[in-house]
Amino acid sequence: MSPEPYDVPVVEITDDSLILASVSSPAEHDLLDGWIHRQRTRHPDLKLAVLQLPGEDEEPPAGVIAELVNELSEGEDRSVVPVRVFWAPGGLPTRVKVVGLLSGRDTYRPPELLQRRILRRDQSRATVVAGEPAKVSELRQQFQDTTVGDSPRDFARFVLRRASLAIERIEYRLLGPEYKSPRLVKPEMLASARFRSGLDKIPGADVDSAGEILDELATGWSRFSVDLIPNFSKFLYSRGFDPHIDYDAEQVEAMRHALETHPAVMLWSHRSNLDSAVLTVALQENRLPRVNLFAGINMSFWPMGPLLRRSGVIFIRRRLDDPLYKYVLREFVGYIVEKRFNLSWSIEGTRSRTGKMLPPKLGLLAYVADAYLEGRSEDILLQPVSISFDQLHEIAEYAAYARGGEKAPEGVGWLYNFIKAQKERNYGKIYVRFPEAVSMRQYLGIPGEDGAEIDSQATRLAMQKMAFEVAWRILRVTPINASGLVAALLLTTNGIALTLNQVHHTMQDSLDYLERKQTPVTDSARRLRTPEGVRAALDALSGGHPITRVDGGREPVWRIAPEHQHEGAFYRNTLIHAFLETSIVELALAYAARADGDRLAAFWTQAMRLRDLLKFDFYFADTAAFRANIAEEMAWHQDWEGHVAVGGDEITTLLYDKRPLMAHAMLRPYFEAYEIVADVLRGASPDIDAKELTDLALGVGAQHAAQHRVRTTESVSALLFATARQVAADQGLLAAAPDLAERRSAFLTELRGVLTDMDSIDAISREQFVERERRSRTKSDPL
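For the sequence shown, the positions run 13 to 795 when the numbering used here is used.
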């Protein structure tokens, strides 16, 4: 196949010039000689000096540096013109490209033994390209302004770096912006006056140690990896998923326009190790700019490490307790941002093992904010990315974590098993959404104005709000799928199986609610309007994934067995945000029904209290917006405030009329987990550590489950207990105090009151189910 034509920019050399020629093979020498001959033919009086440099990425020997020093001293008005042979992609066997990728070579440059043969077949495969010329005086001024070098040799090395970058810019124009990649980061940063100044302030730090850290952080897009990685990524997930990712076309176009003006950080939700692969494919399929992805250094094992480093991945340490490492990482992020490369990582920092959105991590985001506030970019866009799945094979792993299991270390064996698991069955579709980007300028202000400072308390608060806004936008666009809705329903039955008809008619209230709220849903969720759609969703999750289908009777029935409740909870948790506020409304109503005094005040007090208790598990709007949302949730009932104020049967009637009732389905496991931890705290030492508390809670929880003192085994979860501990700490229950025992007891009593309210709502919901069942039978058998 012949290569695509390339519009090679023509650089006309009319001044006395120094040609810096990066050629390293006989074939490339011939091409360079022909190019120089054409230049001299056009301008016979032109004075050209040619300095041959070693091949790309090779360190120039001392003799070449010395010769360049002499050439640069010939005159300040002399032009420096970088030149390189550009090889168009195509023609090389894939195995040759893979070897080149792993070794770090240019995978578009054919091996020397093949170059002449390729050119005999097609001379257009290679051409000499020249970067933009620059005067020696201009280069010297840049050198003095940006570096700490002061010797002629330092200046010569600076000129070589600028020449290489100038050629790279030309080649990006030829290949396309997706091939743009960070280059020469280490020498540029180590020579930077700014970088050296900060390095001098770190006790014991030296340039060599900083250079080793930069080697660890090094990344870039090999040209072949730009082509290979999206294809490999698609191969990986399409073994188990529909290969066609579901997008929102309007969101894609809006993001494309936004990314044209400013560098961006793509912050994505994280449920699977497939997330970064999915994002890579999504960017390629929509012709969007590539990103440099941050990943834990635990993923740098061979062969993935070398491959991913040359595919835009930046490996970072999990613990940032070394001042030098923190400084180098911060400056590395600033350099990448300043050069307008896009970054990417999970806003949650790690995979959510529960299915719900985790709190945002601010570490890397703080480094990006520093770069913005230091004036390295006029604005930086934080682009939220929602990545969701109909199903995941990893939920069995997450269930093991919930039961107290440990994370398996990554390695070749882990990778093999992960790839193998993708082909075990059909996991459905993948959904990618790109909501509107968050402007860092809007939240942090203009650097130097309005008191914007890197370390100010106001800036840290603005960063937190900015990060929560990113997560909130992800939640709002994540579509609700059939897996979550079906799992949520079957979890409420505590192992009792339902028929197809029962699942279908019970599901309709939830679908009506999502439609009223204009919540985005998937096609699979829309199909739950029909019995056929419900049957498809049930069958997709059957076989213990996590639903069990029971055959042999008059008709099949479906259930989630106790041993599969943790897996089912993962799917249910992905949609709790859509039903969170309506669930709080129900609990506040139930509380007001049993409260003394002003029932309406009691309703609002309990709604705000529940928001406070659940803030470590879920995202909420700010206080004013939350109150408005709660009022909107109640607006379905005329004069609801009057009925709540009366209390008693009036509130009970409100609950009977409400469709759907969701508190017991969505929030019971969380409050039961809180209650178990609160029970463990009775008599425990004030400073009980996290591991001891979790171990005790797992034991007490197992007892409660065996005695049916909790409704579901999913409440007995190390993952939920971790958050429950945060709740207890927030209530001041993990610090010594004279009244600690009394306050711990009061907290346990409060939680048990919430669970009692949940029991009341559950009972009403069951009565609604019986009534729906009666109507359904009457409709199907009118006699």
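No lab work stands behind these hints, which were simulated from the structure alone.
It cannot be assumed that every hint is accurate.
[Said to hold, decoys possible] 35 Å max Cα-Cα, derived DSBU-like pairs, lysine-lysine:
| no. | residue 1 | residue 2 |
| --- | --- | --- |
| 1 | 477 | 441 |
| 2 | 477 | 703 |
| 3 | 338 | 477 |
| 4 | 338 | 373 |
| 5 | 147 | 246 |
| 6 | 213 | 419 |
| 7 | 198 | 246 |
| 8 | 213 | 435 |
| 9 | 529 | 351 |
| 10 | 59 | 246 |
None of these values were measured; they are calculated from a predicted model.
Hints, verified against the model:
Straight-line distance between C-alpha atoms of residue 477 and residue 441 comes to about 32 Å, which keeps the hinted pair within the 35 Å bound. With a CA separation close to 31 Å, the supplied pair residue 477 and residue 703 stays within the 35 Å bound. Restraint check: the Cα-Cα separation between residue 338 and residue 477 comes to about 24 Å, which is no more than 35 Å; the hinted pair holds. Of the supplied pair hints, the one linking residue 338 and residue 373 holds, its CA atoms being roughly 16 Å apart against a limit of 35 Å.
Taking the CA atoms of residue 147 and residue 246, the gap is near 47 Å; set against the 35 Å cutoff, the hint is violated. In summary, the hint linking residue 213 to residue 419 is not supported, as the alpha carbons are separated by about 39 Å, beyond the 35 Å threshold. Straight-line distance between C-alpha atoms of residue 198 and residue 246 comes to about 32 Å, which keeps the hinted pair within the 35 Å bound. Note on residue 213 and residue 435: the hinted pairing is violated, with a Cα-Cα distance of about 53 Å set against a maximum of 35 Å.
Restraint check for residue 529 and residue 351: the C-alpha separation of about 42 Å exceeds 35 Å, so the hint is violated. This hinted pair does not check out: residue 59 and residue 246 have alpha carbons roughly 53 Å apart, beyond 35 Å.
Checked against the numbered hints given earlier, the structure breaks hints 5, 6, 8, 9 and 10 and satisfies all the rest.
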